[in-house]
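Chemist: Could you put together the complete structure from these sequences and hints?
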Amino acid sequence: MYVCLNGKILPVEQAQVSVLDHGFLYGAGLFETMRTVGGEPMFWAEHYARLVESAEALQLVSQVGISVADDSLSQAGLPLPQANATRLDTPISADSKRFPWSSSDLHDLITATVRANDLEEAYVRLSLTRGPGALGPSGKTCQTPTLVIYAKPLALPAEDVYRCGRDLLILQTRRNSPELPVRVKSLNYLNSLLAYAELEARGGGEGIQLTNEGWIAEGAVSNLFFVVEGELWTPSLDTGILPGITRAWVLQTARQQGIPTREHRFTRAELREMTEAFTTSSVVGILPVVSVEQTPIDAGVPGPITSYLMQKWRTLTSRNN
Numbered sequence: 001m002y003v004c005l006n007g008k009i010l011p012v013e014q015a016q017v018s019v020l021d022h023g024f025l026y027g028a029g030l031f032e033t034m035r036t037v038g039g040e041p042m043f044w045a046e047h048y049a050r051l052v053e054s055a056e057a058l059q060l061v062s063q064v065g066i067s068v069a070d071d072s073l074s075q076a077g078l079p080l081p082q083a084n085a086t087r088l089d090t091p092i093s094a095d096s097k098r099f100p101w102s103s104s105d106l107h108d109l110i111t112a113t114v115r116a117n118d119l120e121e122a123y124v125r126l127s128l129t130r131g132p133g134a135l136g137p138s139g140k141t142c143q144t145p146t147l148v149i150y151a152k153p154l155a156l157p158a159e160d161v162y163r164c165g166r167d168l169l170i171l172q173t174r175r176n177s178p179e180l181p182v183r184v185k186s187l188n189y190l191n192s193l194l195a196y197a198e199l200e201a202r203g204g205g206e207g208i209q210l211t212n213e214g215w216i217a218e219g220a221v222s223n224l225f226f227v228v229e230g231e232l233w234t235p236s237l238d239t240g241i242l243p244g245i246t247r248a249w250v251l252q253t254a255r256q257q258g259i260p261t262r263e264h265r266f267t268r269a270e271l272r273e274m275t276e277a278f279t280t281s282s283v284v285g286i287l288p289v290v291s292v293e294q295t296p297i298d299a300g301v302p303g304p305i306t307s308y309l310m311q312k313w314r315t316l317t318s319r320n321n
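Sequential numbering from 1 applies to the sequence shown in the UniProt record's numbering.
You may find that some hints are simply not true.
To be verified - What follows is a set of in silico ranges between Cβ atoms, one per label pair, in the way DEER data are often shown:
#, residue 1, residue 2, range
1, 314, 265, 28 to 34 angstroms
2, 271, 308, 28 to 34 angstroms
3, 11, 262, 46 to 52 angstroms
4, 265, 172, 15 to 21 angstroms
5, 238, 304, 26 to 32 angstroms
6, 273, 252, 22 to 28 angstroms
7, 57, 202, 31 to 37 angstroms
8, 56, 262, 15 to 21 angstroms
9, 318, 257, 16 to 22 angstroms
Hints in this document: simulated from the structure, not taken from any laboratory. Glycine included, every Cβ here is placed at the ideal spot set by N, Cα and C.
Modeler: Written out as structure tokens, the structure is:
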């Protein structure tokens, strides 16, 4: 297996990060996960924009940049990135003047890492930390950020889960307060780790996290959607949820189809009349939900809005598209 460490493609056994890295010591870092189709990262423009915004919000980066290391690709016997590679992106909207890597630099490092592992359909994780520095919470001694890109074969849930749907649990682990920077995919992943540990202990695949006030927030590793009286509901960002990229695509696609959408705060009691539900994430896509705590939702099968959006997603992720 090959990884990309600070712009160099090398075997994972040779990839070393300092024990003084503030990502390791204090969780001072962030990450993005995405999938590739035909070797190209999906929604790269959106992932890059969120990466820039998150890095600046957490004050992770200086003006020290890392470019594509062509020599490392050649040494690994890999072709150099193609400047005219087909991409699934759109113009960048984020202000990247203070961010030390261009969209094209990171895009090429991602595709090179995917190729190094002889993959086309891949799970990709990009991690960025403050970098090594002196002990202590101050980041002033961290001069060079650490960038790691990891790729592995794409592994999706079994087809019958997509076809038949799954159950959601109501989690006791509450979602972080929205006053914290929880909308950043921070390396301090404690809240989601605790939620996932609860899921594993209870034998569940995904659950519903509530805020301390009792509002529905999101799953341990996904965003949530519900259909109520023909309207597509999803928790609003002010509940402290991650602004998921697939979540944004679902809202846009639904509106283009004329499906009414609503982003707001709501409680479990307001979902008594729901007829459909599903979860979204960048890697897994859309998964139907047919019950909550083993209580069926409507007829207990994926509904028409869910099925329509799933088909649109399958078309989007098809290599023939």
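Chemist: Decide, hint by hint, whether the structure agrees.
Modeler: Hint-by-hint comparison with the structure:
A hinted range of 28 to 34 angstroms for the beta carbons of residue 314 and residue 265 is consistent with their spacing of about 31 angstroms. Against the hinted window of 28 to 34 angstroms, the Cβ-Cβ separation of residue 271 and residue 308 comes to about 21 angstroms, which falls outside the hint. Take residue 11 and residue 262: their Cβ atoms lie about 49 angstroms apart, and the range 46 to 52 angstroms holds. Our hint of 15 to 21 angstroms for residue 265 and residue 172 holds, since their Cβ atoms are close to 20 angstroms apart.
Against the hinted window of 26 to 32 angstroms, the Cβ-Cβ separation of residue 238 and residue 304 comes to about 30 angstroms, which satisfies the hint. For residue 273 and residue 252, the Cβ-Cβ distance of about 25 angstroms falls inside the hinted range of 22 to 28 angstroms, so the restraint holds. Evaluation of the 31 to 37 angstroms hint for residue 57 and residue 202 yields a pass: the beta carbon distance comes to about 33 angstroms. Between residue 56 and residue 262 the CB atoms are about 31 angstroms apart, so this pair departs from the stated range of 15 to 21 angstroms.
Range check, residue 318 to residue 257: about 19 angstroms between beta-carbon atoms, so the 16 to 22 angstroms window is met.
Comparing the model with each earlier hint shows violations of hints 2, 8; every other hint is respected.
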